[in-house]
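Using the sequences and the accompanying hints, generate a full structural model.
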Amino acid sequence: MTDVRRYYEEIEVGEQYESPGRTVTETDIVLFAGLSGDYNVLHTDAELMKTSIFGERIAHGLLGLAIQSGLLTRATKAYATVAFVGLRWKFKGPIKIGDTVRLRARVLAKRDDGKPDRGLITLQRTVVNQRDEVVQEGETDELVEKRALA
Amino acid sequence: MTAATYFEDVEIGDVEVGPAMTLTEAHAALYRGLTSESPDGSGGIPALLPLVLATGLAWRTPRPPLVVLAFMSFDWTIHRELRVGETIHGRARAALKRSMREGGVLIEDHELIDQNGDVAQSGRFVFLVAKRGTARPDPAPTA
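Keeping their order, the protein sequence lines are chains F and U. Sequential numbering of the first sequence, starting at 1132, is according to our numbering. Sequential numbering of the second sequence, starting at 2, is according to our numbering.
Note that these hints are calculated values from the structure, not bench results. Glycine included, each C-beta is placed from N, C-alpha and C at the ideal position. All the pointers check out, no bait thrown in.
One side of the interface only, derived from the structure: several residues of chain U facing chain F at Cβ under 7 Å:
(1) Leu35
(2) Ala48
(3) Leu49
(4) Val53
(5) Thr56
(6) Gly57
(7) Ser74
(8) Phe75
(9) Trp77
Below, computed lysine-lysine pairings styled on DSS-like, alpha-carbon distance capped at 25 Å:
(10) Lys132/U x Lys1181/F
(11) Lys1221/F x Lys98/U
(12) Lys132/U x Lys1223/F
(13) Lys1223/F x Lys98/U
(14) Lys1221/F x Lys132/U
Below, the structure is given as structure tokens:
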């Protein structure tokens, strides 16, 4: 089988990806509350949230993070990732039911620590809504296989 | 009235330890369905899933729920991949507080600890937390 994954050497700093849009639904939020066990009223009490500054329920911040993680897989060919090792993340604004989010990502840095089989790739990621407002942004680090050993 | 923990109630150094949860194939499948990530077929748990589960476990500590106005940011490090069948629990420590007019910023250090007592993932969460008597979406509406 042909390996279509991309290796450390093939990924260039400055590469940019844009994902398709994804509309965040009430179902997403309910399923995420069930999966995570996070039933904070922010995400689950429609009546109370009418009186809040948001005016309605909002998606869990980590639901937005999880969704963008999936959107990356639909924005570009998969990396030959060995491990996802960390992230630095900011929640800039609410994601509301019916909002459509998309991911813009850019290869920010590559770091070769001299390991024969892997190198570190840092992506800058921006999650925007249908009005092009940034709702989340951050940087993610992953270790990617080198071609030499493939 | 539902009990709640406000900014004023948190002391630096407070430690909260949550209950443990075993990571299952069902968790991974539900998560992948929601996010559209493809299965890896090798029993690995998606890297961000334990973090997601940890946020729910954090609600199940003896302390009444924190009145979070907003989850502002976090840094997170994954020390090793977790597998189906492993059991994690969370430990959080209040590291820093800064009072603001509309609430207060609380920084917590979080660790996800495996069945052997080793830290599998860890990081820092930054929350905006309500003060007593301020307008907020909270678990104890007075109206």
